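K.L.:
Residue numbers (this note's numbering), protein chains in the order written: chain U, 1 to 323; chain H, 1 to 323; chain P, 1 to 323; chain X, 1 to 323.
Just some of the chain P residues that point at chain U, by a computed CB distance under 8 Å: (1) 148; (2) 184; (3) 261; (4) 262; (5) 265.
Calculated cross-link-like contacts (lysine-lysine; reagent style DSS-like; alpha-carbon spacing at most 30 Å): (6) H:33 with X:203; (7) X:294 with H:196; (8) U:302 with U:284; (9) H:294 with X:294.
Don't read these hints as lab results, they were simulated from the structure.
None of the values given here were measured: they were computed from a predicted structure.
Ideal placement from N, C-alpha and C gives every residue a C-beta, glycine not left out.
Each chain is listed here by its residues.
Protein chains: 4
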Amino acid sequence: LQKIGVFTSGGDAPGMNAAIRAVTRAAIANKLKVVGIRRGYQGMIEGDFIPLRSADVSGIIQLGGTVLRTARSNEFRTFEGRQKAWLQLQKAGIDAVVVIGGDGSFTGALTMSQEFNISFVGIPATIDNDMYGTDYTIGYETALNSVVCAVDKIRDTAVSHGRIFIVEVMGREAGLLALNGGIACGAEVILIPESKEQHDELKRFLDKGYRHKERSGIIMVAEGDEPGGALKIAEQVRREHPDLDVRVSILGHIQRGGSPTANDRVNATRMGVAAVDALLDDQKSIMIGIDDGKIVQVPFNKAVKLNHSIDGDLLDIQRMLNI
Amino acid sequence: LQKIGVFTSGGDAPGMNAAIRAVTRAAIANKLKVVGIRRGYQGMIEGDFIPLRSADVSGIIQLGGTVLRTARSNEFRTFEGRQKAWLQLQKAGIDAVVVIGGDGSFTGALTMSQEFNISFVGIPATIDNDMYGTDYTIGYETALNSVVCAVDKIRDTAVSHGRIFIVEVMGREAGLLALNGGIACGAEVILIPESKEQHDELKRFLDKGYRHKERSGIIMVAEGDEPGGALKIAEQVRREHPDLDVRVSILGHIQRGGSPTANDRVNATRMGVAAVDALLDDQKSIMIGIDDGKIVQVPFNKAVKLNHSIDGDLLDIQRMLNI
Amino acid sequence: LQKIGVFTSGGDAPGMNAAIRAVTRAAIANKLKVVGIRRGYQGMIEGDFIPLRSADVSGIIQLGGTVLRTARSNEFRTFEGRQKAWLQLQKAGIDAVVVIGGDGSFTGALTMSQEFNISFVGIPATIDNDMYGTDYTIGYETALNSVVCAVDKIRDTAVSHGRIFIVEVMGREAGLLALNGGIACGAEVILIPESKEQHDELKRFLDKGYRHKERSGIIMVAEGDEPGGALKIAEQVRREHPDLDVRVSILGHIQRGGSPTANDRVNATRMGVAAVDALLDDQKSIMIGIDDGKIVQVPFNKAVKLNHSIDGDLLDIQRMLNI
Amino acid sequence: LQKIGVFTSGGDAPGMNAAIRAVTRAAIANKLKVVGIRRGYQGMIEGDFIPLRSADVSGIIQLGGTVLRTARSNEFRTFEGRQKAWLQLQKAGIDAVVVIGGDGSFTGALTMSQEFNISFVGIPATIDNDMYGTDYTIGYETALNSVVCAVDKIRDTAVSHGRIFIVEVMGREAGLLALNGGIACGAEVILIPESKEQHDELKRFLDKGYRHKERSGIIMVAEGDEPGGALKIAEQVRREHPDLDVRVSILGHIQRGGSPTANDRVNATRMGVAAVDALLDDQKSIMIGIDDGKIVQVPFNKAVKLNHSIDGDLLDIQRMLNI
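Build out the structure end to end from the sequences listed, making use of the hints.
P.N.:
Here's what the structure looks like:
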């Protein structure tokens, strides 16, 4: 092992830069050369490579987004695309690659490593925190705090006006942001794809819980299968309770950026170092994870089998505290 | 003058609590009694009053929203409603009232003071900063910084993905938040109701300025006559430039809450003290303002004539810096 | 069990209010009455009690500090003091108490419960995160992020001027804030009481690492046995390297306050509910903890045996990334 | 005029980067070439120059510190030093220079322009806001909000413990940060060099105002002639009132860095554009200022005559609101 590549792929997540920095410096400390692959798999296909020295990753640990950029690539979904990518890696003398991203990115890495002689080690980075085998994915905690900070502000207005706000947060198939964000903000109702019975909670809240004219409420909604779920719920609530003053806030992309939290930086740093260690140990097709505070290695084909069991206790707690 | 009332009205704005605190303590320092009127004109009609002592306004200077709540009141728009309100003030022994709000609130105060024997002095509080005769309205600066903070985060994602984000900020008839927020964030295009020619800027940016595949962009849009303007613009852009990756972010109510900035607190404090001074000076139907750093008094009927001239130089600057 | 007390004790920590809220509402949901004991053990001795209803803990989940106040009590260190406290609890009909604090607070509870017929269950809240048996103590994560946010600002000046900043953070006997804060900020050197060999790192950094005239550096120092350690280190550095531009920043009490992070709120909520559950289960003299994401119960006499092993891997990582 | 230089000098201030960006892009828009002079006058002497294109100042508007670095230069205080600097500018073909800094920086520019054939235009950037002829200096507002944010946190602890905190903020000869920060945080006492009678306020507060055992207090202190003033005041207070729990917090360098506020960015942008306009108009030895919202030009020899009159009304307000 002499030269490794590193890239970010899929949606950007705060802490990706901390991971890029750690991978680069850990590799250099181990006498490896490092190449940054820009714009994800698309940049790999196009050979959009830059050498990374220690100084190049100085002063980026606190920045949101990714200095290596990211992109979606349809071309990489084809064998021809992956072949082009492999030839580019060959040409650049890259022996192994650290991929920072989510399940789509790891699936791509797995496929390519089965077709061509190239090793990938993954670092989980997605604000959804929905990977199997790791307690943390980079960016989730920052996004969670961005949600909480935004809802704290919305609460000021909700209370001042005696209004109900339906707040939609990210999470296509995973309600973790909505659930923990809702608990942290003292939301009156939390609607997540994992628990359909929460809709009864909404009904209960609207029917019984909202009698006093001054009472305000926050209803947290995970975007679920499609964004805009909050708008539909608002419509329904307005139809059934025309007397209520109901507003919608779709938090959207403010959840994705921003300077990473302390933990997101520390975990990204630890996982970046562990990814280089794994490559030096001749590992391949594994994701670095953190389980009970310790670094673990999870095979790609396990990690990508999305498994987002929700802690049911949290839902019980939420119901109890809002009686 | 022995007892004054104070209330907040219209949309909540950060810094209203600092104004309530200053009014209360300045009045007490001048041997006046103070009554808090809850939920705006509606609370006035219902006699929803609470006595305010110095300790009651302790620890609120840094809080968003309004501890006196606010509400819309259709009943107050009728003579009967205003009569009820006046009788409640009479019954409570309230001689004069400080109203903290925007032009709708001042118009109501003016009407009532012409029909009944009661004095109002106003403190401008609205995140739109669209009152005539004052350089500051309470809440505007905080909202502006919330916009900037949110767009800084969105920029992380825009740059990482090479995307164009159309960001919609508050401002029905006034584009000040969009204009200054756009300058502060280095937005590529700023669309405001006061300058229709800005749409040529958008066209110019899309046609010429966006050739490089990596370039990202922020387009700031004031919500204008109706919210959702950003969605329409996005539709149009996608139709004309199907190759671009365009996203929409409607900032919504996160612009309204939050802990007030230093200036919003200081200005609210100064205006609160000046409002009590004005009542002690037997003034009525005037708004306290700040002009060139100094406290001024502006008659209600001038202040409410919305006059939101935009500094054309800022638009020129924005165009120049994005060439 | 019919009526429980709840109080905060020792240094305040962000998230204490979230715990008070959860204890109160979980107790009420279980048909218990709740009494807030103000100003810690001193207030217990003085009978400074207030009834807590659900509405009394509304709107406090996001506030720093503690609405029940806290205090040190020398009187409670005497048998007579504890007897007075017990009589006050008896008089108020309080059957059991939830104590929110650190090891000193739990030691006091343990002593009192051995002398008198009263049960205590503890919730760990201290920004040092130095309790045995729990991965989290309430307030630590918020303090850590306050450190990181402050050092990010200091870094701006350090880089602009090519200066070395010695930043002192809290942590009398525990260097966790300095260690994780240092990793998260990319500190060049981290000095903690748990690892004396880190001083060689400082020497190495100053001798070899700081040759370039533009290079700046952050040296993180845990306050150790006494505050002001940073000043002594600065003196020594200036003596040995008179050419360097060295500044000191003692972060002090800005680390302690502020709105709690999402995790601090969620964990405080979970532990508050678990504390009430434990009392209902007739548990006594235990601390609620979180281990590997799950609620655990730790006997007081184990928890208070301060055990703050530092993750040595983090120090290795820090050294590697700064070569 | 074909090529201009731009540099930052003296203490760094948030918003300097926004000014660098505006100067660079406004110059390019006017067909000028731009050279960045690194590390202030010292870099000018050493010829530490870099060309600045539009892309070089992309993505810096939101960053604290200064990308051009800054430094103190003893050599520049000598004629020989300034001659070297002038020769470097000659060699690089620089016709005129924009200097971003405070009064020391402008004094240096004035001296050099009187000795050699070179024009300077200044942009005021200092967190003290103590320049004559301008309502704003870049960085002051950001520093003020950093102070307020820090004191809000300290207040959490002060209230929770019933403590008095003496908080020292920057401001060698100017108490503006302490005064406005104190008003914004509801400080109980504000001590500034401009008003010696404030010490009577301290005595009054300690003697009369602090009777209740639960009452907490914030005493804001401008560092005055020397840092550490807060420590001396604390000593004195402890001697005279040994019963009080008094703590000191010296905010230090966290006041200097951080992402600039919206106004600091907008004002820096406006002044940067105006500085280039002034050079194109053949102006020299003037500082750009903002007076009553409008761009003004102030001769260097007026601007540097420090004139920091404090708004006495604010002190009156503070006294009134804390009775």
